[in-house]
Amino acid sequence: MFDRRLFTNFDWTLLGVVLLITAFGVINIYSASSSYRDVGTPYYLKQLYWIVAGLGLCLTVCSLDYHMLEDFAYWLYGGVLVLLVLVLVAGKTSMGATRWINLGFFNMQPSEPMKIVIIMTFARFFSRYPVFKGLTLKELFQPLLLLGIPAVLIMKQPDLGTAILVSLIAGTMLLFVGVRWSALATIFAAAVPTVVIAWQFLLHDYQKKRIYNFLNPDLDPLGSGYHIIQSKIAVGSGATFGKGFMQGTQSQLRFLPEQHTDFAFSVFAEEWGFLGCLLMLTLYLFLILWGLGIAKRCNDRFGSLLAVGVTAMLFWHIAINMGMVIGLMPVVGVPLPFFSYGGTSMVTSMVGVGILLNISMRRFMF
Amino acid sequence: MKTLNNILPDDDGGGRRIIGLSLGACAMFFLLLARLWYLQVISAEDLIDQSENNRLRFVPVAAPRGAILDRNGKVLVSNTPSFSVAVIPQDVKNKDQLIDNLAHYLNLDRKEIETKWNKGQGRAKYYPLVVASGITRDQMEFLEENRLALSGVNIEMKPIRAYANGSLASHLLGYLGEVSEDELNSERYRDYNAGDYIGKSGIERSWESYLHGTDGGRQIEVDARGRFLRTVAETGSSVGNTVMLTIDLEMQKAAEQALGDQAGAAVAMDVNTGEILAFVSSPDFDPALFTGRMPPDVWKKYLDDERHPLENKALKGMYPPGSTFKIVTAIAGLEEGLIDEHTTVQCSGSYKFGNSTFRCWEHKGHGTVDLKRSLRESCDVYYYKLAERLGVDRIAKYAKLLGLGAPLGIGLESEKAGVIPTQEWKLKRFGKKWYSGETLPVGIGQGYVLTTPVQLASMIATVANEGIIYRPHLVKRVVDADGKVLQDFAPQILSRPGLKPATYRLVKEGLLAVVNEPHGTGGSARLWEVKVAGKTGSSQVVKLRDSKGGVPYRFRDHALFVSFAPFEKPEIGVAVIVEHGEHGGSAAAPVAGKILRSYFEGKGVIKKPVPKAVPKEEEGGLGVAEPDDPGQATTKPAPAAGNAAGTDKRGRDVR
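As they're listed, the protein sequences go chains H and V.
First residue of the first sequence? That's 1 in the working numbering, and the numbers climb one at a time after it.
First residue of the second sequence? That's 1001 in the working numbering, and the numbers climb one at a time after it.
Some hints here could point you the wrong way.
To be verified - Heads up, simulated DSBU-like pairs for lysine-lysine below, C-alpha to C-alpha not over 35 Å straight-line:
1. V:Lys-1116 <-> V:Lys-1352
2. V:Lys-1116 <-> H:Lys-46
3. V:Lys-1433 <-> V:Lys-1400
4. V:Lys-1484 <-> H:Lys-209
5. H:Lys-208 <-> V:Lys-1158
6. H:Lys-208 <-> V:Lys-1484
Stated by the list, open to error - Sample of chain H residues at the chain V side, in silico, Cβ under 10 Å:
7. Leu-15
8. Gly-248
9. Thr-282
10. Gly-327
11. Leu-328
To be verified - Partial list, derived from the structure: chain V residues whose beta carbon lies under 10 Å from chain H:
12. Gly-1020
13. Cys-1026
14. Met-1028
15. Leu-1031
16. Leu-1036
17. Ala-1044
18. Asp-1049
19. Gln-1050
20. Gln-1139
21. Met-1140
22. Glu-1141
No lab work stands behind these hints: they were computed from the structure.
Quick reminder that beta carbons are idealized off the backbone N, C-alpha and C, glycines included.
If we strip away everything but chain H, and leave its shape as in the complex, we get (with noise of 0.2 Å):
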């Protein structure tokens, strides 16, 4: 099975931008936690451990053909959601929400999973699925089902972020198959009624406000707001230049929230300027133009919808969570791949660079 022409087909620039950046982001995240009480293992030697452990799940992703994903797609989606229902009835709480349930051995978030599931499961449903000239609204109907069950019940944990996040993913995947002008009209004519029953019903105090407070940090300059306004000053003292390594006075001087987390661009940006600025999204913007030339050259219609989902994931996360850090969006807890500390993010990311390595490799195949 294992072909020497994986070898010579193997993504080496794929693997090799992805290192680059969790290099860097390694980096980020000593300085970033410096300014901390020593506990324990430091955050970014536990980093490491994450990046290995994610390459390990990497490789092993890609060895494996991912033509055997399509016969296990809609046994992962149930399996998946029945993990969700589980959360909700039997659940741990942690910090308000509910999103971990012990498994017995270890503690698991399932939300997170649902992130890739939800890609395997678009892919597999469109792939046998003939569309002429766009989906029609009748159409829509089975995919924005298979979407809205798992949305809702993230939402209802509440996770506001992955919800939003997985329903990107499953929208750009359905605008890479094709949704037909009028469909789109139609949705988004009743979009706006949503919004308002959602806003009214659906989201928790804690989540409005920080709507309220992205559209007008200065409401709340005390409360959510604060987090934002100390990003841009953060980000923007950070200048052309920035302030040098482990210089930045706003992260030393922990005027910054998770600063290791999901606000480690924002400690980056300051240290490293403009210029670094400009280096990380030249980066991330290869990835993700790389990744849609994998979907591209893929000659199977499974392939490369997958790879548009994971591509899209990608993305999405890069996006929100710059525009976040620099206060084009509000503070959701998205962080960004392979740059922020996080064992979950890691893994999440580095199963979805599995996926792509392994289309990629296997384009040739067909």
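Since the structure of chain H is provided, determine the placement of chain V on it from the hints.
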């Protein structure tokens, strides 16, 4: 699948859409880049300024908690300003000297300040670190005057609890403390932050959400060295709601004085509404000590005291009701038609059942005993025989009808259910079947039976009002800062036992005889102005056969008394338990009598005695009010407090 791929028309479309998605991604990245350009190049100067010269800090401002009042609006708990000393370590030039100075001015131990200082090491720079709280006004003024010599020192003011009557009703009111790590992780305290003060027990805990108020905060600007420049924005805190209790301050005082130094509990209740008028657990503690710095020796004293001052005995103490339970057994017998007022039993001082002999407390025997006499003189044999005929399940049925064996929902957390045993209960609890010999002690409130003081008060209230169980409650209403009534707690009927009127009448006549007739065991609760009815009880803690006089404190029997008054038209019910008080008639009944007296004095039915010329002398005499109660100044360590949650006061070896 491959075939499907071939017939799909959108092979080209797919490629076109990839280009579309790529353009979309480029656009988004361009937007991000543009924004970064705007922040880092165009606005850079301004933002560098903000980051270097000026800094924004967030200072939380705790809301003052709502007050707790008695039923007449008298203040039980309010707030008072407290001053604490905070240090910004980065602003301190000479740490050792400063610590020396502070220790000297504040009369504190150097080490204590240093420990707090070191604890704060991992925190953000320029954050004030509280090194001493609860300093006096004099100390505060002194520090203010010497400010120049104390750079880096700030004095902070925050409201703390003021207890208008010291340790009065301390178990009921509860104390405050810093929210713990576990609490912060729970759903209940989700909106709280580390360092917040919350109610840890009593009303303060159970009514936290009403009392807490909304915290505010200030956004302040400080200079590069962290010194305060100006307040940028401020959100005001809003004071918590006022909780008005059903407690009557004067009665509470009287009840606490009546119990005095003895360990125990007393609950007084309006029998026609369920409002609790007095709620005492003795001995008490000083709730103010929990807010500030608890002196370690006081803490140790509380923990070592064998009378357990920190435990809320009225709520969580579970005691065998002893002979007060005979009321229940009598009701069961009357309702089941096994006895009437003429039924008599011969009491020879003991009753042989199977291989064992069950003794009456009156070893000489009572002779011929009818229902009234059985209550009046508390004949055990009468109830052994009645219990034997009833069986445990029928006794349990009436106990439960009268509200025993289940929490009543009085408005405080961790209310205990007590135990009313049945055959099924024993099988479930111990996996063993019920022996009929175990039924006999149940008839006199021993064996497995456990009740809380609140349950006993509710039970006697139901007998008094002849058939309504009102929910006993402690909170009358909640009022917001503007005086608007948010919640008003009207009397709530929990259930009606549905017994025959004659049953109540016969039992109540017996209870009247207990207090008012010769040979009655409860004579010391008698009031001349008002007819009092009641029932004494003493419950065995440990079976001790031969010890006369020299029984150690913790092995002595508990003394109980339940009562109501006036007999003709009952208004108030009282339950009293004196731990290890030995005899209900001599230890508990006088306490109940004093509580009843204060109630009728408050109503003007009984004239208050003119205060004697020597004031402040009364306190000394309280602890030795009863002849049975020699000064209990024993300092033996308490037996290991095994179950902290609820306390089982049951004797292990009861006949």
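Against the structure, the hints come out as follows:
no. : hint                      : result
1   : V:Lys-1116 <-> V:Lys-1352 : violated, 68 Å
2   : V:Lys-1116 <-> H:Lys-46   : holds, 30 Å
3   : V:Lys-1433 <-> V:Lys-1400 : holds, 21 Å
4   : V:Lys-1484 <-> H:Lys-209  : holds, 28 Å
5   : H:Lys-208 <-> V:Lys-1158  : holds, 31 Å
6   : H:Lys-208 <-> V:Lys-1484  : holds, 29 Å
7   : Leu-15                    : violated, 20 Å
8   : Gly-248                   : holds, 9 Å
9   : Thr-282                   : holds, 9 Å
10  : Gly-327                   : holds, 8 Å
11  : Leu-328                   : holds, 6 Å
12  : Gly-1020                  : holds, 8 Å
13  : Cys-1026                  : holds, 7 Å
14  : Met-1028                  : holds, 5 Å
15  : Leu-1031                  : holds, 7 Å
16  : Leu-1036                  : holds, 5 Å
17  : Ala-1044                  : holds, 4 Å
18  : Asp-1049                  : holds, 8 Å
19  : Gln-1050                  : holds, 5 Å
20  : Gln-1139                  : violated, 31 Å
21  : Met-1140                  : violated, 27 Å
22  : Glu-1141                  : violated, 31 Å
Violated hints for the displayed structure, listed by number in ascending order: 1, 7, 20, 21, 22.
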